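Fit chain B to the given chain A structure using the hints.
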Amino acid sequence: MILQDVIEHLQLRVLTSSTNLSHVHVYQGYVSDMLSCVVAGAPNGCVWVTLLAHSNIVAVATLLEIPAIIITEGAQPDEATLERANEKEIALLSTPSPSFEVVGRLWHMGIRANDRISDLI
Amino acid sequence: MIRFRADLHVHTVLSPCAGRDMLPEQIVKAALFHEINLIAITDHNASQNAAAVISVAEEQGLLALPGMELQTIEEIHSLCLFDSLEQLQTLQELVDRLLPNRTNNEAVFGPQVIVDRHGEVLAHEERMLLAPVQISIQEACSFVSNLGGLFIPAHVNREAFGLLPRLGSVPPDLKVEFLEITRTAHKDTLLQKYPQLAEYRLLRNGDVHYPEDFLGALEFSAQNSSLAAIRDGLISIL
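Protein chains in written order, with the working numbering: chain A, 1 to 121; chain B, 1 to 238.
Worth flagging that the hints you see were computed from the coordinates, not collected in a lab. All values derive from a computational prediction rather than experimental measurement. Careful: at least some of the hints might be erroneous.
Said to hold, decoys possible - Here's a subset of chain B near chain A, in silico, CB distances under 8 Å, partners left out:
| no. | residue |
| --- | --- |
| 1 | Glu75 |
| 2 | Asn105 |
| 3 | Val108 |
| 4 | Phe109 |
| 5 | Pro111 |
| 6 | Ala131 |
| 7 | Pro132 |
| 8 | Glu159 |
What the hints assert, rightly or not - Here are the simulated distance ranges between beta carbons:
| no. | chain 1 | residue 1 | chain 2 | residue 2 | range |
| --- | --- | --- | --- | --- | --- |
| 9 | B | Tyr210 | A | Glu87 | 16 to 26 Å |
| 10 | B | Arg127 | A | Glu87 | 24 to 34 Å |
| 11 | A | Ser22 | B | Gln60 | 27 to 37 Å |
| 12 | A | Pro96 | B | Gly148 | 41 to 51 Å |
| 13 | B | Ala185 | A | Glu65 | 43 to 53 Å |
| 14 | B | Ser221 | A | Glu65 | 49 to 59 Å |
| 15 | A | Asn44 | B | Gln89 | 45 to 55 Å |
| 16 | B | Ile2 | A | Leu10 | 54 to 64 Å |
Backbone N, C-alpha and C define an ideal beta-carbon position, used for all residues, glycine too.
Just chain A, same shape as in the assembly:
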């Protein structure tokens, strides 16, 4: 699935400018507000849904090669975070909707959970 389609379908606001959104494909998703859980459980290349907006989300996304973060409930990253995300070519996408609703809509679009968690169990 092309990220641009997700953005249009969920009416997300694009906060960063460095990514070509039509060139990014996403098939898997992950949701958590615990950075350590994301590091341990999110699949590489997924779209990550969180209400965190501080700069550490960019470091975690870089580590896992996460191309896009959907920041929910209208949380606003600061300038330094946006700058860092642009530098690392990670798309930060904003929505006033809660994470629950965003995940439901992503699932409806065909984005699925990963198999890393089931590997761990």
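Chain B in isolation, oriented as in the chain A frame:
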């Protein structure tokens, strides 16, 4: 009585997010330049550089306390301050047991360097230090207090790893007297948002990651240079 001007939250090159020049001699020089005579060495979930800084500090009339900035399971950071390196080592052994076994990615988080007193590299810490030690903040607080240390939740008002954004309020079963607030926090605004904070002493530190970060906002008098006397002195700050 000793008059102290203190910054109790100082990182070294062992913390992946700290500047590459946070080496023992440079830290001591920068603290003295800011007319600070009391610091605490508080690396993330680690303590291997504390002895080197303390040894340089001692020679130059700077009191440096051994400490650690512990990240507990709730992803909250807290300062753990001690009198002796032995106490700190006991905490380090707990961290060694309970830190998730992941390898640090230096390119993403930064290098974690163990140095000697001259800043010469001894080793790189391989484990990812920016991870939650698998212990609750209440348990960690009891552990540190039982060792005779001081437990101070760090930058409580900060979104990243601060207690208030993570938990919403200070849990009543967390037995602390002090809370650290960020460098630029506005006390009155914080008290309006969290009236509960009036029950605690709010301490402002520099959270020093670079030599220019030293703040020296804590000024007080203490009977002597023990942690107990420093605690009494900090209590006396209004």
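Going through the hints against the structure:
1. Of the supplied interface hints, the one on glutamate 75 of chain B holds, with its beta-carbon coming within about 6 Å of a beta-carbon of chain A, less than 8 Å.
2. Interface hint status for asparagine 105 of chain B: upheld, as the beta-carbon distance to the closest one in chain A is roughly 6 Å, under 8 Å.
3. The restraint placing valine 108 of chain B at the interface with chain A holds, with a minimum CB-CB distance near 5 Å, inside the 8 Å limit.
4. At its closest, the beta carbon of phenylalanine 109 of chain B sits 6 Å from a beta carbon of chain A; the interface hint therefore holds under the 8 Å criterion.
5. At a threshold of 8 Å, the smallest CB-CB gap from proline 111 of chain B to chain A is about 14 Å, leaving the interface hint violated.
6. Of the supplied interface hints, the one on alanine 131 of chain B holds, with its beta-carbon coming within about 6 Å of a beta-carbon of chain A, less than 8 Å.
7. Look at proline 132 of chain B: its Cβ gets to within about 5 Å of chain A, closer than 8 Å, so that hint holds up.
8. Interface restraint check for glutamate 159 of chain B: the shortest CB-CB distance to chain A comes to about 4 Å, inside 8 Å, so the restraint holds.
9. Restraint check, tyrosine 210 of chain B to glutamate 87 of chain A: a C-beta distance of roughly 20 Å satisfies the suggested window 16 to 26 Å.
10. Roughly 27 Å separates the CB atoms of arginine 127 of chain B and glutamate 87 of chain A, a value that falls within the hinted 24 to 34 Å.
11. At roughly 59 Å, the beta-carbon separation of serine 22 of chain A and glutamine 60 of chain B lies outside the given 27 to 37 Å, and the hint is violated.
12. The given range of 41 to 51 Å is respected by proline 96 of chain A and glycine 148 of chain B, whose C-beta atoms sit roughly 49 Å from each other.
13. For alanine 185 of chain B and glutamate 65 of chain A, the hinted distance range of 43 to 53 Å is not satisfied, since their beta carbons lie about 35 Å from each other.
14. Our hint of 49 to 59 Å for serine 221 of chain B and glutamate 65 of chain A holds, since their Cβ atoms are close to 53 Å apart.
15. About 38 Å separates the C-beta atoms of asparagine 44 of chain A and glutamine 89 of chain B, a value inconsistent with the hinted range of 45 to 55 Å.
16. Evaluation of the 54 to 64 Å hint for isoleucine 2 of chain B and leucine 10 of chain A yields a pass: the beta carbon distance comes to about 60 Å.
In this structure, the hints that do not hold are numbers 5, 11, 13 and 15, in rising order.
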